[in-house]
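Peer 1: Okay, here's what each chain looks like letter by letter:
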Amino acid sequence: MEEIQKSYDGETLVIKNMNMDVTRGEFLTMLGPSGSGKTTCLMMVAGFEPATHGEIYLNDRPINKVPPHKRGIGMVFQDYALFPHMTVAENLEFPLKVRKMSKEECKQRIKRVLDMVQLRGFEGRRPSQLSGGQQQRIAVARSMVFDPDLILMDEPLGALDKNLREQMQLEIRHIHERLGVTVIYVTHDQSEALTMSDRIAVFDDGVIQQLAHPDKLYEEPENAFVAHFIGENNRLLGNILEADDKNCKIELDSKDIIQAKNVNIAGIGNRTTLSLRPERVIIEPAPGSMPNIFNARVEELIYLGDHIRTRLKVCGHDDFVVKVANSSARAALNKGETVKIGWNIEDCRALDPSG
Amino acid sequence: MRKINNINNNQEILTTADGVPLKASLNRALRRERNISLLLVTPLFVFVLIAFLFPIADMLFLSVDNKIVVEKLPRTVPLLADWDETGTVLPDEQIYKALVQDINAGTVDKTILRLGRRLNFEQGGMSSLFRRSVRKLKRLKEPESYKAATIRIHRKWGDLATWRLIKRLSGKFTPTYFYSAVDGGVDKAGHFVRNPENQRIYLKLFVRTILLSLLITLFTIILGYPISYLLATLPTKLSNLLMILVLLPFWTSLLVRTTSWITLLQREGVINDLLVWIGVVDNAHRLTMIHNQIGTIVAMTHILLPFMVLPLFSVMKTIPPNYMRAARSMGATQFRAFLRIYLPNTVPGIGAGCILVFILSIGYYITPSLVGGTSGTFISNLIAYHVQGSLNWGLGAALGTMLLMFVLALYVLYDKVVGLDNIKLG
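Chains as they are written, first to last, in the working numbering: chain H, 999 to 1353; chain B, 649 to 1074.
Hints were generated in silico from the structure; no laboratory data involved. Where a beta carbon is used, it is the ideal one built from N, C-alpha and C, also for glycine. Check the hints yourself; a few may be wrong.
Stated by the list, open to error - If you want a taste of the chain H side facing chain B, the calculated C-beta under 10 Å gives, among others:
{"#": "1", "residue": "Pro1048"}
{"#": "2", "residue": "Gly1052"}
{"#": "3", "residue": "Tyr1055"}
{"#": "4", "residue": "Leu1056"}
{"#": "5", "residue": "Leu1094"}
{"#": "6", "residue": "Cys1104"}
{"#": "7", "residue": "Lys1105"}
{"#": "8", "residue": "Arg1107"}
{"#": "9", "residue": "Phe1144"}
{"#": "10", "residue": "Asp1147"}
{"#": "11", "residue": "Ile1266"}
{"#": "12", "residue": "Arg1269"}
{"#": "13", "residue": "Ile1300"}
{"#": "14", "residue": "Tyr1301"}
{"#": "15", "residue": "Gly1303"}
{"#": "16", "residue": "Ala1330"}
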């Protein structure tokens, strides 16, 4: 039910004319490399940075002029920002006390959120006596204890180690599902974004490159940046020979002709980037079974357990990666060998030249 | 400790691969390192010992030291032990003889006059008594009665008070310097009594020193807190510039800073001129802002400000800006967030700054003596007077000891209330 629409002008444009809608109860992730403007965007929603231009709405109410403490937005910071001079209970009580809630109500709410993050019995501890994961959970609990309409999370898992991070991803996800609260989450970790989000907004250079569900983002990236940023991706550069609404023909710099799906191209004669996921490439396809079949030379094999990462030289590109699943039926590849590889038209997406 | 040892004894002793106990082996490995660090510390330790600890111990000792009486009157003092100082009878002939012998012995190197000076601190006229006695006794040849002859030389030898004083001070140690330091003395029976109201100076000066120091500390907090906050939150480039401005006075000579305050604050000074020019102050009624308490407070607040700013800054620097943001996102107003979140987190810095400024100012000497006039001087100025001017080292030492004890007590109190490990200097 909330509608954000704004642009932000400074000396340089950090956020360039951005429009975004977040639905009530949604878990939306802003994903992007550092410096892409996602944290700035979050700070504007929270009210710590003024929007230079445009308006932010919360429940259809413009909140640009509303000071941060009146917005009723919960926030989780990367460094947790737990108050070191207060105990866990006092930390959780702070937003409630500010709202002048009764002692009884405070107690109940603190109990509830501590149950939620499974940290009962930690009320009397100080933040410094908690582990990183526990601190993180208290920070989450604190952001929710006063029932905000919206919770902002600014890379809250950045400081945790990998195992704990993955565990916390699921926990936050579950808490979100249980409470149905709206969450805007900022991260630069794409696997984190894929794990947790209902929708992901991919940021780059102050612009939302694509805002879509995780699977759509991965399988149907709209531009070269998204294709490159989300997951692994083979890039082939070429000129457009011919194109219709659905498909197009591309001449690579190596003069090979590729048929690809027309997603986001300028027009005949222009440059384009072809995006092809490594797992969609088929080794030794039956001749004639697909339109794109080329010779490739095996440059490097990296054994990764469940699959073998194979670097090939194809059509003049020697950084072409194929993931060969480690199944019993897989073809044995050797370094230096030449094999045939192929892919379908719809797996190869013709996108904008940049990125 | 014993308990731990017992536990260790019950367990098997850990050894290294070649059977040497692990602890011994570890000790050997660490010994070299330990020796080197000891070697590095030694010069400083020796320096501190010679230049700091010994003088302080010596000063503490001076405040109770009284061996001069026993030393200069070695024959008289033991005999006086039998004399009843509470009675009304003068000492007998034997004691007078011993006194003459003692004085004559001291006359050779003139050191007996020092005893006169010492006794003069307690009772006026003692110095001249001894000077006169030294002069006259030289010519005294085997009199019939030493008692009569001595009293003829100076009638104070026939005064019970003189003998009471000598007897009272015949111990090796004396509390009299401390009595003086708290504006007191002893009555005829040797009990402590306070001086009359109009003769009390030291306690009053102590109280003034403490009050002014508190005031100065308060002002440095008021002035230093916002500056430190700016320093900690401004972008590095700006805050570096500001830091230089804060430290600039620090690099200027103390004397220059103090005297420039005189230029600014005196009756014909810059500030008065400005006020007269604006019309706030009438030319005939220029403000007196120097050579009084105002002068001391202004100049010392300025001089001690960096000692407040630096610890505050270093503490504020470590407070993440997200604390305030978090508090505000939870619904606290800017003011409340500051009061409940920011301020409590700066307490270690405030504590460190207060202790630094207060302790420095309570013992400050140069500035109060230059700009303090009579109403703005500190106890240290009086200590300096007794050490350099009146040469009453004992009293100076007693005052200094009291100052030291007060600061130490404050330190302990602070430790109890706030905790010393809460102090952060950077």
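Peer 1: Against chain B, is Leu1094 of chain H within 10 Å by beta-carbon distance?
Peer 2: holds (9 Å)
Peer 1: A closest beta-carbon separation below 10 Å is what the hint needs, so does Lys1105 of chain H meet it against chain B?
Peer 2: Violated, about 18 Å.
Peer 1: Does Arg1269 of chain H hold up as a contact with chain B if the rule is Cβ-Cβ below 10 Å?
Peer 2: Because about 41 Å separates Arg1269 of chain H from the closest Cβ in chain B, which is outside the 10 Å limit, the hint is violated.
Peer 1: For the restraint on Asp1147 of chain H, tell me whether the closest CB of chain B is nearer than 10 Å.
Peer 2: Because about 12 Å separates Asp1147 of chain H from the closest Cβ in chain B, which is outside the 10 Å limit, the hint is violated.
Peer 1: Using 10 Å as the Cβ threshold, decide whether Leu1056 of chain H counts as touching chain B.
Peer 2: This interface hint is violated because 13 Å lies over the 10 Å limit.
Peer 1: Report holds or violated for the interface hint on Tyr1301 of chain H, using the least CB-CB distance to chain B and a cut-off of 10 Å.
Peer 2: violated (39 Å)
Peer 1: Would the stated hint for Pro1048 of chain H survive a check requiring a Cβ distance to chain B of less than 10 Å?
Peer 2: violated (14 Å)
Peer 1: Holds or violated: is there a CB of chain B closer than 10 Å to the CB of Ala1330 of chain H?
Peer 2: violated (49 Å)
Peer 1: Holds or violated: Arg1107 of chain H as interface residue toward chain B, Cβ cutoff 10 Å?
Peer 2: violated (13 Å)
Peer 1: Minimum Cβ distance from Phe1144 of chain H to chain B below 10 Å?
Peer 2: Hint on Phe1144 of chain H: holds, closest Cβ of chain B at ~7 Å, below 10 Å.
Peer 1: Under the criterion of a CB-CB separation shorter than 10 Å, is Gly1303 of chain H in contact with chain B as hinted?
Peer 2: Check failed: Cβ of Gly1303 of chain H comes no nearer than 39 Å to chain B, outside 10 Å.
Peer 1: Does the interface hint hold: is Cys1104 of chain H within less than 10 Å of chain B, judged Cβ to Cβ?
Peer 2: violated (13 Å)
In this structure, the earlier hints numbered 1, 2, 3, 4, 6, 7, 8, 10, 11, 12, 13, 14, 15, 16 are contradicted, and the remaining ones agree with it.
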